[in-house]
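Chains as they are written, first to last, in the numbering used here: chain A, 3 to 435; chain B, 3 to 435.
Since the hints were made in silico from the structure, they are not lab data. Careful: at least some of the hints might be erroneous.
Copies of the same chain look alike in the list, so a pair counts if it works inside one copy or between any two.
[Stated by the list, open to error] As a list, the in silico DSSO-like pairs of lysine-lysine whose alpha-carbon atoms are at most 30 Å apart:
| # | residue 1 | residue 2 |
| --- | --- | --- |
| 1 | 272 | 328 |
| 2 | 105 | 372 |
| 3 | 241 | 424 |
| 4 | 383 | 109 |
| 5 | 425 | 109 |
| 6 | 368 | 79 |
| 7 | 425 | 286 |
| 8 | 424 | 300 |
| 9 | 270 | 166 |
| 10 | 43 | 75 |
| 11 | 43 | 413 |
| 12 | 328 | 155 |
| 13 | 101 | 368 |
| 14 | 135 | 424 |
| 15 | 79 | 171 |
| 16 | 368 | 81 |
| 17 | 413 | 153 |
| 18 | 413 | 155 |
| 19 | 166 | 285 |
| 20 | 425 | 121 |
| 21 | 319 | 68 |
| 22 | 68 | 328 |
| 23 | 383 | 153 |
| 24 | 372 | 398 |
Remember, predicted model here, so these are calculated numbers, not experimental data.
2 protein chains.
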Amino acid sequence: MGINLSNFLSSKSKNKRMTEFQDLNHIDGVSVSCVSANLYKNQRDDLVMFYFRDGANYASIYTQSKIISENIKWNLKQKSKKIFSLIVNTRNANCFTGKQGYKSLEKIAEEAAQELTKKQKQDEDQPQKIKSKEIIFGCTGTIGEVFPEEKIKNKISDLVKNIKYTQNKYIWIKAALGIMTTDTQPKLAMEECSIGNSDIKIFGIAKGSGMIQPNMATTLGYIFTDANIPNKILSKLLKKNITTTFNAISCDSDTSTNDMVSIFSTGKIKHVKINNINDEKIKKFDEALNKVLLNLAKRIVADGEGASKFITINVKKCKTDAEARKIAFSIANSPLVKTAIAGEDPNWGRIIMAIGKAGAIINLDKLSIKFGNFIIVQNGKLNANYDENYISDYMKNDHIDIEIDISVGSKNFTAYTMDLTKKYIEINSDYRS
Amino acid sequence: MGINLSNFLSSKSKNKRMTEFQDLNHIDGVSVSCVSANLYKNQRDDLVMFYFRDGANYASIYTQSKIISENIKWNLKQKSKKIFSLIVNTRNANCFTGKQGYKSLEKIAEEAAQELTKKQKQDEDQPQKIKSKEIIFGCTGTIGEVFPEEKIKNKISDLVKNIKYTQNKYIWIKAALGIMTTDTQPKLAMEECSIGNSDIKIFGIAKGSGMIQPNMATTLGYIFTDANIPNKILSKLLKKNITTTFNAISCDSDTSTNDMVSIFSTGKIKHVKINNINDEKIKKFDEALNKVLLNLAKRIVADGEGASKFITINVKKCKTDAEARKIAFSIANSPLVKTAIAGEDPNWGRIIMAIGKAGAIINLDKLSIKFGNFIIVQNGKLNANYDENYISDYMKNDHIDIEIDISVGSKNFTAYTMDLTKKYIEINSDYRS
Numbered sequence: 003m004g005i006n007l008s009n010f011l012s013s014k015s016k017n018k019r020m021t022e023f024q025d026l027n028h029i030d031g032v033s034v035s036c037v038s039a040n041l042y043k044n045q046r047d048d049l050v051m052f053y054f055r056d057g058a059n060y061a062s063i064y065t066q067s068k069i070i071s072e073n074i075k076w077n078l079k080q081k082s083k084k085i086f087s088l089i090v091n092t093r094n095a096n097c098f099t100g101k102q103g104y105k106s107l108e109k110i111a112e113e114a115a116q117e118l119t120k121k122q123k124q125d126e127d128q129p130q131k132i133k134s135k136e137i138i139f140g141c142t143g144t145i146g147e148v149f150p151e152e153k154i155k156n157k158i159s160d161l162v163k164n165i166k167y168t169q170n171k172y173i174w175i176k177a178a179l180g181i182m183t184t185d186t187q188p189k190l191a192m193e194e195c196s197i198g199n200s201d202i203k204i205f206g207i208a209k210g211s212g213m214i215q216p217n218m219a220t221t222l223g224y225i226f227t228d229a230n231i232p233n234k235i236l237s238k239l240l241k242k243n244i245t246t247t248f249n250a251i252s253c254d255s256d257t258s259t260n261d262m263v264s265i266f267s268t269g270k271i272k273h274v275k276i277n278n279i280n281d282e283k284i285k286k287f288d289e290a291l292n293k294v295l296l297n298l299a300k301r302i303v304a305d306g307e308g309a310s311k312f313i314t315i316n317v318k319k320c321k322t323d324a325e326a327r328k329i330a331f332s333i334a335n336s337p338l339v340k341t342a343i344a345g346e347d348p349n350w351g352r353i354i355m356a357i358g359k360a361g362a363i364i365n366l367d368k369l370s371i372k373f374g375n376f377i378i379v380q381n382g383k384l385n386a387n388y389d390e391n392y393i394s395d396y397m398k399n400d401h402i403d404i405e406i407d408i409s410v411g412s413k414n415f416t417a418y419t420m421d422l423t424k425k426y427i428e429i430n431s432d433y434r435s
Numbered sequence: 003m004g005i006n007l008s009n010f011l012s013s014k015s016k017n018k019r020m021t022e023f024q025d026l027n028h029i030d031g032v033s034v035s036c037v038s039a040n041l042y043k044n045q046r047d048d049l050v051m052f053y054f055r056d057g058a059n060y061a062s063i064y065t066q067s068k069i070i071s072e073n074i075k076w077n078l079k080q081k082s083k084k085i086f087s088l089i090v091n092t093r094n095a096n097c098f099t100g101k102q103g104y105k106s107l108e109k110i111a112e113e114a115a116q117e118l119t120k121k122q123k124q125d126e127d128q129p130q131k132i133k134s135k136e137i138i139f140g141c142t143g144t145i146g147e148v149f150p151e152e153k154i155k156n157k158i159s160d161l162v163k164n165i166k167y168t169q170n171k172y173i174w175i176k177a178a179l180g181i182m183t184t185d186t187q188p189k190l191a192m193e194e195c196s197i198g199n200s201d202i203k204i205f206g207i208a209k210g211s212g213m214i215q216p217n218m219a220t221t222l223g224y225i226f227t228d229a230n231i232p233n234k235i236l237s238k239l240l241k242k243n244i245t246t247t248f249n250a251i252s253c254d255s256d257t258s259t260n261d262m263v264s265i266f267s268t269g270k271i272k273h274v275k276i277n278n279i280n281d282e283k284i285k286k287f288d289e290a291l292n293k294v295l296l297n298l299a300k301r302i303v304a305d306g307e308g309a310s311k312f313i314t315i316n317v318k319k320c321k322t323d324a325e326a327r328k329i330a331f332s333i334a335n336s337p338l339v340k341t342a343i344a345g346e347d348p349n350w351g352r353i354i355m356a357i358g359k360a361g362a363i364i365n366l367d368k369l370s371i372k373f374g375n376f377i378i379v380q381n382g383k384l385n386a387n388y389d390e391n392y393i394s395d396y397m398k399n400d401h402i403d404i405e406i407d408i409s410v411g412s413k414n415f416t417a418y419t420m421d422l423t424k425k426y427i428e429i430n431s432d433y434r435s
């Protein structure tokens, strides 16, 4: 499972959806390093270190699951103002691994702190002593298997040795590949914006194609910026923008025990001080961050396990945000809707079913439904010009847009999902074997 | 789609799960009649009439969906104390058919009332004038297509002509076949019990293999008894027993606009009067009704679209009923759990995931998980003797029992579901084409 950079660059992708991405290059204060700890026993990269040589401000959002992995427990416990490293492993989720899993992280963090402190002494004018609590972890993979402490710990010195202070596009692709599990495509995105007169970069990579669900939609997402933003503001920005991006996607309605999205701000670019999330000066950054998060979230859907179609569900004019969201996800999570779309069947009766079961108050006489530009239902009546032949043609597209107009209020929500195919079943009934 | 009695009797079923059923025979006061209105254009039975020559007390429970079919609107409007007929059609759900759909029912009910009144005059010593409001409807099939009023109305006289006053097992199988859509097996069940010194029969038939979900779990279920129970008590008995039967099953988490379960009591057997649901004299009837409903509900799961395995999820010792229910359905509705079981993979990590995302409060140190008799997790720890080889063998069974012991309270809930297979996708991406 998984591919290395050379295979990836030489392979011609068969998947047409969102396989192109921007080149991420250098971003001040972030180093990326990848190795194989042989967790998959096939020499693919499976261990990635992000190193912030001067530390980074940061914020994270974690899964809403009541059962959380040991690395999330670890991360929640660390209260350092700055973080020096994020270490991500695949193959093992470090969940339901109990004390063994947690203690492994202690030891790995200790090892990393030592190696990075040595590196500081070698390379920095004012070397800092890095502490293990200044390191956080991302883990993804199978639940309940003994965490491979030794394999990972033994590779920490190699990770540190590989650190370079200038990053190119290949190291970012390597990192995006290195954190993949059942993903078929690496997920990268970037935006440039300004804060005051300063040019700012926002880079992001993500991983995820199964267990993707509304509540803290998934998966691993890591955002890096050279802006200088305090932890509190980072946290608010992340929370605000996750709602319409990572929390607006659903592949199979399942939520992982390991979901984690983090943002790291190295502060390498000097700019006007930001103390308030409503500050006009942060507006462009806010928008750019949303773009990066949405870009990554859409890539996760597009690469959803077995997906053959990308589905956008735009629910308009509800009484409340919550009702718009409920209807959008009721459609996005309906196996009957998703299989109909897989079969290129414009079965709008199943959309009606999914709207009905969402439990929101509906006035049928005001309901309108569109597939792409085709009006199917208007004001509660089947469109007199409805011609299934045209719509059947539309269903052959690999992007399907569904618009539901409830017409009882002013609140909108857009959810993104994929179709449900035989391939999904294949991937998920064979995952471990 | 669908089969007639002769095909059914001559076919050797390939499906091993719950294809055997009890013989339903005569029950006083109920007549069953089936015809083909050619709704499927293949001459299968698609229209079934249940006729109560002296009327019947009755109660119904309908879908929780906010969008309901026209027949449910019709049924909700009729406030008659007794019902003389239930007419069920397949192929067309009469949902999102607006005035056309509702008016069609008015006309069909009128026609049936006239024909049945004629029949009364012919056959009864004290003939009654049957009114259209004494007739209710069950509809199932595609949403949003024009309701085939003429085709159905034209067959009412044939339905009435076919009425016989003694029923045998074949007419019941014919009826159970006649209400099927994507079902592969007719669903029948019966129990005998006593009220006081009187012997009572409870017969039931059901239909449903897709859009099966917790909230008023589905589908069509019709229960017939020769007991004499007032409407109010019938309603309470049905509500009480639906929770652990039809509302304890889930195939794909989708809810239909047409779900309907009804009970009809002909009162032909004289027995002690029942005025109270807590009356000791009704206890055996209550238990027998539960058995019939559970039997039918399990048959629906066993025949779930594409199902290869029947899964029982037994959640024990929760703080509240609601939490037990939430955890059971979080597992039952998880595509990742259902595909793992389809793949015969004892992937208990996904069970952990599903427990976590249910949102109930969990003490991991008390959690235990069993697959069949195999203890996998005990008091939050992976069983030291856990041997995946044994459990992999267990997973080859076509009944899989999962037991989750939360150990924080005293409330239990059992949910029934099926695995998620490629066949499900196949059926549901091709349903209309």
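Problem - Alpha-carbon proximity context of residue 383 and residue 109, limit 30 Å - result: between (65 Å within a copy, 22 Å between copies)
Exercise for the section: Check residue 413 against residue 153 for me: Cα-Cα at most 30 Å, and say if that holds within a copy, between copies, both or neither. Expected result: neither (50 Å within a copy, 44 Å between copies)
Exercise for the section: Have a look at residue 43 and residue 413 and pick one of within, between, both or neither, based on CA distance no larger than 30 Å. Expected result: Answer is neither; intra-copy 50 Å and inter-copy 45 Å both fail.
Practice task
If the cutoff is 30 Å on CA atoms, where do residue 413 and residue 155 land: within, between, both or neither? Let me know, please.
Solution key: Neither: 50 Å inside a copy, 44 Å across copies.
Exercise for the section: Since the copies are identical, ignore which copy is meant and state whether residue 79 and residue 171 lie within 30 Å (CA to CA) inside a copy, between copies, both or neither. Expected result: neither (33 Å within a copy, 67 Å between copies)
Practice task
At 30 Å max between alpha carbons, let me know whether residue 270 reaches residue 166 within a copy, between copies, both or neither.
Solution key: Classified as within: same-chain Cα gap 17 Å, cross-chain 89 Å, threshold 30 Å.
Practice task
Indicate which option fits the pair residue 328, residue 155 if close means a Cα-Cα distance not exceeding 30 Å: within, between, both or neither.
Solution key: neither (44 Å within a copy, 40 Å between copies)
Practice task
First find the shortest C-alpha distance between residue 319 and residue 68 inside one copy, then the shortest across copies, and answer within, between, both or neither for a cut-off of 30 Å.
Solution key: Only across copies: residue 319 and residue 68 sit 17 Å apart there, 33 Å inside one copy, limit 30 Å.
Practice task
Using 30 Å as the alpha carbon limit, work out where residue 425 and residue 121 are close: within a copy, between copies, both or neither.
Solution key: Result: close neither inside a copy nor across copies, 46 Å intra and 56 Å inter.
Practice task
Evaluate residue 368 and residue 81 at a C-alpha cut-off of 30 Å and name the case that applies: within, between, both or neither.
Solution key: This pair counts as between: shortest inter-copy Cα distance 29 Å, intra-copy 51 Å.
Problem - Up to 30 Å CA-CA - residue 153 versus residue 383, copy category - result: So residue 383 and residue 153 pass the 30 Å test across copies only (23 Å; inside, 63 Å).
Exercise for the section: Classify it for me, residue 368 with residue 79: is the Cα-Cα distance of at most 30 Å met within a copy, between copies, both or neither? Expected result: The answer is between: 23 Å across copies meets 30 Å, while 50 Å in one copy does not.
Hint compliance for this structure: hints 1, 3, 5, 7, 11, 12, 14, 15, 17, 18, 19 and 20 are not met, and every other hint is.
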